[in-house]
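> Listed below are the residues making up each chain.
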Amino acid sequence: MSKSSSLSNMVLGVVSWLWVGVPFTYGVYELVEKIPALFAN
Amino acid sequence: MDRWSGEEDYMQSAGFLSRDRIVADVGWSRWLVPPAALSIHLAIGSVYAWSVFKLPLHETLKASGLLSALPFTLGIVILGISAAVFGTAVERRGPRWAMFVAATCFSGGLCVAAFAAEIGQMWLIIVGYGLIGGIGLGIGYISPVSMLMKWFPDRPGMATGFAIMGFGGGALIASPWSSQLMKWFGTDRQGLAATFLAMGVVYAVFMTVGVLLVRLPPPEWEPPVVRTAATRPPHAAGPDRTANEAIKTPQFWLLWVVLCFNVTAGIGILERAAPIYRDYFPHAPSKAALTAAAAGFVAMLSLANSLGRIIWSSASDAVGRKNMYRLYLGVGAVGYLVLIVAQNASKPLFLVVCILLLSFYGAGFATVPAYLRDLFGYQEVGAIHGRLLTAWSTAGVLGPMIVNAIADNRIAAGVVGPDRYRWSFAIMVVLLLIALACNELIRTPQPPSSVAAERDTRKSASVSAVEEG
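Protein chains in written order, with my numbering: chain V, 1 to 41; chain X, 1 to 469.
Heads up, a few of these hints could be off.
Restricting the straight-line Cα-Cα distance to at most 20 Å, the calculated cross-link-like pairs of lysine to aspartate or glutamate (DMTMM-like) are [to be verified]:
hint : chain 1 : residue 1 : chain 2 : residue 2
1    : X       : 62        : X       : 188
2    : X       : 347       : X       : 279
3    : V       : 34        : X       : 271
4    : X       : 54        : X       : 188
5    : X       : 183       : V       : 30
6    : X       : 62        : X       : 118
To be clear, the hints were calculated from the coordinates, so they are not data collected in a lab. Fair warning: this is a prediction, and the values are worked out from it, not measured in the lab.
Please model the complete structure; the sequences and the hints are all you need to start from.
Laid out in structure tokens, this is it:
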């Protein structure tokens, strides 16, 4: 496999994981924010 | 456009979606495949956040509680039916076709719901979101399963765990996001229409990336696994069976019961999570603090449900599918017994048990495709998975019915606190023990004939994957 093909594969990998990872992280963050109330009392 | 160019366009379009067009080039990384699957599952998983629309629909369109829940209920029922009906077509036409159809139906359903909200027709929201969107749910749910396991024959549990965790994660995203959209657009007819439309358009774009990214492994492709001689070999796939052959085996129906009762047991808690928490731990400085704590409990269960899918399913690649279901069902039964006996004596114990139970609920969904691969091979595993999902639809009715009927009866009888759930939890213990027995009876089926052995698609069936330990 050529160097440029390997690089484009890597870029595509990073972009595609960010594509799904960013919204998922947003969802988990919104969720985790609610959990401390469970231990407040 | 003349007749010939029209046909050519059609052929090119069909070609774009065909299996041949998505065979990966040498050097294509298999780690690009899970994001393709996730972009479908994160979108369709938003169905579990439907409850955020119930109040606005009640206030704006005067929909009753039952009516406003119908788009979700119908969507889940149609999910099971369409996965069973279209499973074979998904296998034959390939994942890109399936993802494209799923994206079209799911986003199209949301757009129909937007139009329905604009003109104030609740029945059309039910048709759009529940029926049209539900077909997208079923086809989308099974679309990446078979492909993922072919890319990761060494780790099929982890691969499907990724996708099915996405389905759990979809609700985590959609719940705050759709609430935010309704804050921006409002909750009158126009506001609801704009919210549904924005969701339809955004999900169409989001899912299209999955359609473009999806690839099938080239023939004779092998995973780049570095394994020393001392390491255990991966669990082999079972002898290949068609979906019609698989549903005639006892193994399929034993697994159907296992999935159905495992899901029923999980829904037992999930369905009434907030009221269960309030009944177990009613003492709080204020009503608002109690409501916030119950919301925190629900959030924690959602996280456990989502993480259980990837963690336990990945573990199944090392430990074996049968052993993992022993854990889900056996420890699950003990967990419900602990809730019955310990009641609210210890909040940390209650939380740990509930986290485990919900993680086992999610894991049951995520591990089952790999279990099917172990039993019936790769040939039509997606189609077989589709037929098995009717167990989910059944459990979706059974679980809430058991818990709500008994809890309502106990409340009417004046029972307070944890005793409200004693009988429904006891039923869950029995169901889990029946499922445990069914799991013990599952054996790898023999090939139907020597012909079947010859058509094994990827792996030798010489090693029984569903081993005893």
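> Of the hints stated earlier, which fail here?
none
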